Amino acid sequence: MSLASALRVTDAAGGDPARALDETALAGPHAEPAALRAAFAHELLLARCAALEAYERAVPRLLERLAQDVLGRELRLAPANLQTIANRVRRAFAAEEPVALVVSHAAALSGISGLPVRVDPSLAAEDLIVEVCDGELEARFAIRVRHAVREALAS
Amino acid sequence: MIAVAAGRVVRTMGETIVAAFPGACVGACVRIRRAAGPPLRGSVASVERGRAAIVPFGPATGIAVGDGVETDEEDRLVLGFAAVRRAVGAYGEPLDGCAPLRGLRYPVRPAPVSPLQRAPVSVPLCTGIRVLDGLLTLGRGARIGTFGPPGSGKSQLLEEIARGVVADAIVIGLVGERGREAQQWIARRDARTTIVCATSDRPARERVRAAEIAVAQAAALRSRGFHVLLVLDSLARYASAASDLRRTLGEAPGRGGYAAGVWDDVAGLLEIAGETAEGSITLVCSILTDGDDERDPLAVAARSYLDGHVLLSAELARAGRFPAIDVLASASRTMAAASGPEVVAAAAAVRQALALLAASEDFRAAGLAGEDPALTRAARCVGDLDAFRFGVQGTPIVQTLERLRDLAQRLRA
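Residue numbers (the working numbering), protein chains in the order written: chain D, 1 to 155; chain Y, 1001 to 1413.
Since the hints were made in silico from the structure, they are not lab data.
Residues of chain Y placed beyond 12 angstroms of chain D at every Cβ, according to the derived structure:
| hint | residue |
| --- | --- |
| 1 | Ser1114 |
| 2 | Gly1179 |
| 3 | Glu1251 |
| 4 | Pro1373 |
Computed footprint of chain Y on chain D; a stretch qualifies when at least three of its residues, placed anywhere within it, have a C-beta under 8 angstroms from a C-beta of chain Y:
| hint | stretch |
| --- | --- |
| 5 | 43-49 |
| 6 | 77-90 |
| 7 | 93-99 |
| 8 | 129-135 |
Fair warning: this is a prediction, and the values are worked out from it, not measured in the lab.
Cβ coordinates follow ideal geometry from the N, Cα and C atoms, glycine included.
Let's have the full structure, built from the sequences with the hints guiding it.
Shown next as structure tokens:
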């Protein structure tokens, strides 16, 4: 089957390979293979799209997991300065008036001043929550790691 | 962000949820943790000191005062390859009875295309409709509106275009459509079609979102190199739903009773179409008019945003002549760029003949047509002109252009 013949079949279907495929399918097992070849080009476009999407799904997920493992370990080895984090949260939400800080255990209280501090045993070590008038600003350890990983991946 | 904000639901107001929520900003996505049922996502529509009005991405059933609200990631949905050949609702839920979509999540509000990223319109879009391909050639990447009163065949024309168009993918956005017609679209979808649907009984936020999802799917496929036809049925119902939504948030009515911000919504939706280095989106939308376009603010605004308008005539539709396109009242601003000078000249000859015939209709009926040679030639070709304009469509563009050339030659002879 020549290319010209393949194009004729596709032309007869209004220049649309997908329709050519449908018409070829209707024609049964003796359909011209060239029409299938033309339809294959359309399927190839879809396959290329699927492959690119699969790549874009898998790579960032893998990198994020690796980065989370490494960064999480580093952050755990070097205990966070909760006072600095509290100050950064207050700067990021400057319009909000802080009411209190919530930490995981009494030992974390050291070095934090200026605001009432509450202990919530359900929090993990290194977690911090800034209570404001209208709600809370959660700067938990997991959130901070996720944020750091995202920023690193984006750059 | 070093921290995520967390607040509480304070009250609900129609389709909107009001929450005490620190650091809220308009457009931010949030997640509401319902005591009864799975978390509900939404976006912040308006803010005031310490309060945020949230439009949920789904029915607000089960929301109670005190439910937790927290900042969420950007609004994304599984689209692209996974949505090709599928019919989905406004929240990405399958409407075709198949499994839920799995794949890459694309942003629901894709970044607008800057003028520098756009490629000029230079390739004709073959629709299979002779009048469009020959006399009102649409350029690939153009934005076209089909205007007409009820019953003039707008949806039918869109369906014929979708059936005959030469494109890699077709995205159909059915906004406020009748359930019966939506079912027909879904049943007839083919290997290159995606259908996004929110029927007329769905809330305004769902109808608006269905249009946004259709646009997002078209943009996702364009970014992968597809030449996409985006069909939106209808722009009028989208504008109406967007207006309802804005008014529930307290926006005052403006021109024509529409909320003032609707024009930005409509312009933003239409502006996504166009050709880029990767692919293209050609937009064809329907706009319901009540017969007096000059007084309909949506029709006036849409004409200024679009690259062409196809007017459908109720008179032709009543006479059973489909596609009921009023050629003389329609225009394509991309025709000159997308067609060669020979086609433009031939189309001009045919349009002149149609204008002469329309102007002399009464005189000819009374036998007072006179002896104008151009009119005589046009009157001799009435049958061929009608055969070109009406009847069975789906003609390959090569045949359409041959017939057009032939008609023009006879009109000039």
